[in-house]
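**Student:** Now for the letters of each chain:
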Amino acid sequence: MTARTSDHSQPITVAISGSGGSGALTAGSILLAAAQRCGRYGLMMRAAGPQVRGGESVAILRIGPTPVTNIGDRVDLLAALDWRNIERFVDELPLDSDSLILFDPDSGPVPDPIAASGAEQSGVRFANEAKAQPEGRANMVAVGVVGSAIGLSLTALSDAANEILANKSVETVRATQACITAGYPKPALAAETVPTRSAKRRWRLSGNAAAGLGALRAGVDFVAAYPITPASEMLEWLAPRLEHTGGNLVQAEDELAAVSMLVGASFGGVPTLTATSGPGLSLMTEGIGLAVASETPIVVVDVARGGPSTGLPTKSEQADLDQALYGLHGDAPHLVLAPLDVGDCAFTTEWASRLAERLQTAAIVLSDQALGQTRAVIDPPAAAPPVPGRKRVDQDRAEQSPGTAGTAGTAEERPAKTAFARYRQSADGISPMSIPGEAGLTYTADGLAHDERGTPSSNAAHHRAQLAKLADKLNGHDYGDAWARRDCGDDYTHRNGSRPISLVTWGSSWGAVQEAAMRLREQGVAVQTIALRLLAPLQHEAMRRALADSGVLVVEINASGQLFRYLHAERVLPSAARSFARPGPLPLRPAEVLDSVRQLFGPPELERTEAAAISDAGSSRRLGGQA
Amino acid sequence: MTATTTPTLRARDYLSDIKPIWCPGCGHFGVLSALTKALAYLERPKEDIAVISGIGCSSRLPAYLDCYGFHGLHGRALPLATGLKVARPDLTVIVAGGDGDGFSIGGNHFLHACRRNIDLCYIVMDNAVYGMTKGQASPTTPPDWTRSPLTPNGPGIPVFRPAAIALAAGASFIARGFSGDPHGLSELVARAILHPGFAFVHVLSPCRTFRPDDQSDWKQGVHPFTDRARSDAEAVPALRVDDDGMGIGVLHEADPTAHSGPKDTPADTDRAAAIDRIEAELEV
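Just so you know, the sequences run in chain order A and B. Numbering follows this note's numbering, in which position 548 of the first sequence is assigned residue number 757; successive positions increment by one, without gaps. Numbering follows this note's numbering, in which position 119 of the second sequence is assigned residue number 126; successive positions increment by one, without gaps.
FYI, nobody ran anything at the bench for these hints, they're computed from the structure. Be a bit skeptical, because a hint or two may be false.
As a list, the in silico DSS-like pairs of lysine-lysine whose alpha-carbon atoms are at most 30 Å apart [claimed, not checked]: (1) 226/B / 626/A; (2) 626/A / 26/B; (3) 626/A / 600/A; (4) 141/B / 26/B; (5) 340/A / 377/A; (6) 26/B / 226/B; (7) 26/B / 53/B; (8) 600/A / 53/B; (9) 53/B / 141/B.
Chain B residues, not near chain A, derived (Cβ > 12 Å throughout) [stated by the list, open to error]: (10) 158; (11) 190; (12) 261.
Backbone N, C-alpha and C define an ideal beta-carbon position, used for all residues, glycine too.
All chains, please: the whole structure from these sequences, using the hints.
**Tutor:** Here it is, written out as structure tokens:
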């Protein structure tokens, strides 16, 4: 094995490829589960064609001793079970002369597009080895070979296979174990030197599962949704678990119905959530506006895929930001949040639900395929910061002078006509909300412009008051520090008049950006990362303070620089801020961010150059202009 | 309030203090009256009732009741009500709307509400015209109706047959009433509310403003529905053959055992423990 694969102090990226039925993804799942058992961190992305079942696919895993936030720049080790249609994955398998290809010589030589990388080649007769075992399979031999190469113990691989194949027959599991052992080198060669660590509690889950967990943690008790790739796994994860927590899930006839079902259930007092992707978000947009106008809390998780239109259903892009921010007609302020990594899908979804409940509004959570369908081994994600629940009428009464929040009929007299001011103005913009079943507090919620009682009104003063309230309650809330994940490193300082660099990003791009920042710091560059978790309402002042006197690069995976345009429109960026934006579906890699920083800010001796540039006339600042 | 001190509510106690925007002579007044009569007859507490609607003249109805209500999106009243009923099975959930709201923009939800069979009472006030947008053809407008400038030659499409379509989609209770007969209608509405599944009440509710000429004879045209069907299998052809669209009464009532509402809420009361168990699955 190469030095790279035997050095377990660094993260390593391995890929297993194969044609339909070869079990490349199953092999990847076992490796990831074994990594968890060995106390490693890791994540696994999958690349597959558009086929419904079977077809060629690649599992790409990055495994490391410290948290793995992104898929890295390159593939260290490719294990190819066969070569059919491998050319489809060339872009997703960045091999180079330091890489190693393990391939089955019985399926032919390394094809040119792969061989062109200059990677070292080594033949392993996976299929032939498997044939020696009754019902043996080549992918499981590869699990043994690759698992040993990256330092996973045979015990961990064996246990992981038992877990992943728990639903298979005894014969299959027995054959699997034999194949893994056959692929695992003899003790003298084995890298069983890394002990299996079990002390640390570590989780293995996908971003979609994490988002589902966040929903449960927030108390979501009603989900309605229409199946869509790549969001369906979140719903399938939630459906059986909601039964344990006492909730309900309805498979709706379409997304128009799903979002309306949320509004209805939420009106009934139950925290609600749906998951969808771009086309479904488009259909839900009118219903999200209803939630905003009627001040009924809902959460919509958009597991984004490439767009526009049907786009790239199985692949990722951060291109729904514009729609999430601006898609509603009228002035309809609402919450837009984005989880920053797989574990953060739990944190951010929980927080979004708690905020929506408190602020009686809609929250759109912008996950994406790269988070949702990536499985990761992570530390258990933190709980979201506490947020007070819905402002119920008794709480509101405690805040107000008595008698202003509606009158309940008494037992002795015939109940009067209810005049509950459901949409009453209040200091924090949040009105008291009753729920059906509460006597004397009936009201009709409305998407029409309305007065304080909810009665439809086209009166200008009523309209202005309603709009002001919708905006004030969001802008007046204290979101604390969770609005962004900010990492300044150890020496984010202004040295000799030179300006440090701020890398601003959002959502799934955070992982590659933070790794790029780490590498820049190793080169002596002062750099901070600011990854926005709360995109709307934007925290203008905190953002301006954080970016003060730095050179700013905004990084995102979409064609038009949607975050960059948004931040500029909101006037939080210095005019010289630059944009690195490219479309999906390929995952963002740290090297791309580094290249962009070098191009825009100068070579590694950037600080010196930067200082020189700034000492020039103000009009020739290096950071000037838009990319 | 306890049962012993709750005064008996009269029909008018279910009305709010908001004056309807409907035109004089509008059929919807009769539907509002019938609904309040039914609620008083059933002695439902006001706070346990939620009336859900979409958009259109008839969809304004919830605000005229002193109950919980939601005046939501055009065509989406049924899913909103479905969400509410599944989340809060303790409530009496009534859905109100018009022919455009229910059969055109919301037509897909109508089909799926019928087959989903959640315990809702769906009242459609059918005046065969779009009133709020000033008189365009609706799905139940005859193909040769030429009074709308939008379709000067008439819509030219065969009419939507709500009862037959509801039956085909699996509705377990189908009735037709006439707004000019509030007493008979209130009986139908009460039966629909009591039906333990999806109950569809198709109400002929004339529009005096945009259909002044051709709906004035509805009072003479309605007649008791005669049901010759002997079984569910015969019901669909019977509604096709026998129903001239003016038959009043219960058109179809399926075996209540066919009802498949939301599942019973599990007894698992310790939510935190359930989440702990779910999280434990994620570890090795």
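**Student:** Checking a non-interface call: every C-beta of chain A should be farther than 12 Å from the C-beta of residue 158/B. Is that right?
**Tutor:** holds (25 Å)
**Student:** Hint check: residue 340/A vs residue 377/A, CA-CA at most 30 Å. Holds or violated?
**Tutor:** holds (19 Å)
**Student:** Is it true that the CA of residue 53/B sits at most 30 Å from the CA of residue 141/B?
**Tutor:** Violated, at roughly 33 Å.
**Student:** For the pair supplied as a hint, residue 26/B and residue 53/B, is the alpha-carbon distance within the 30 Å limit?
**Tutor:** Given that 30 Å is the threshold and the Cα spacing comes to 19 Å, the pair holds.
**Student:** Would the pair residue 26/B and residue 226/B pass a check requiring their Cα atoms to be no farther apart than 30 Å?
**Tutor:** Answer holds: residue 26/B to residue 226/B is near 26 Å, not above 30 Å.
**Student:** Are the Cα atoms of residue 226/B and residue 626/A separated by 30 Å or less?
**Tutor:** violated (34 Å)
**Student:** At 12 Å, judged by beta carbons, does residue 261/B keep clear of chain A as stated?
**Tutor:** Nearest chain A Cβ is 21 Å from residue 261/B, so the label holds.
**Student:** Does the alpha-carbon distance linking residue 626/A and residue 600/A stay inside the 30 Å limit?
**Tutor:** holds (23 Å)
**Student:** For a C-alpha distance cap of 30 Å, please report whether residue 600/A and residue 53/B respect it.
**Tutor:** holds (22 Å)
**Student:** Compute the least Cβ-Cβ separation between residue 190/B and chain A, then decide whether it is above 12 Å.
**Tutor:** holds (24 Å)
**Student:** Assess, step by step, whether the Cα of residue 141/B is no farther than 30 Å from the Cα of residue 26/B, and give holds or violated.
**Tutor:** Within the cut-off at roughly 21 Å; holds.
**Student:** Does residue 26/B lie within 30 Å of residue 626/A when you go C-alpha to C-alpha?
**Tutor:** holds (13 Å)
The structure is inconsistent with the numbered hints 1, 9, although it conforms to all the rest.
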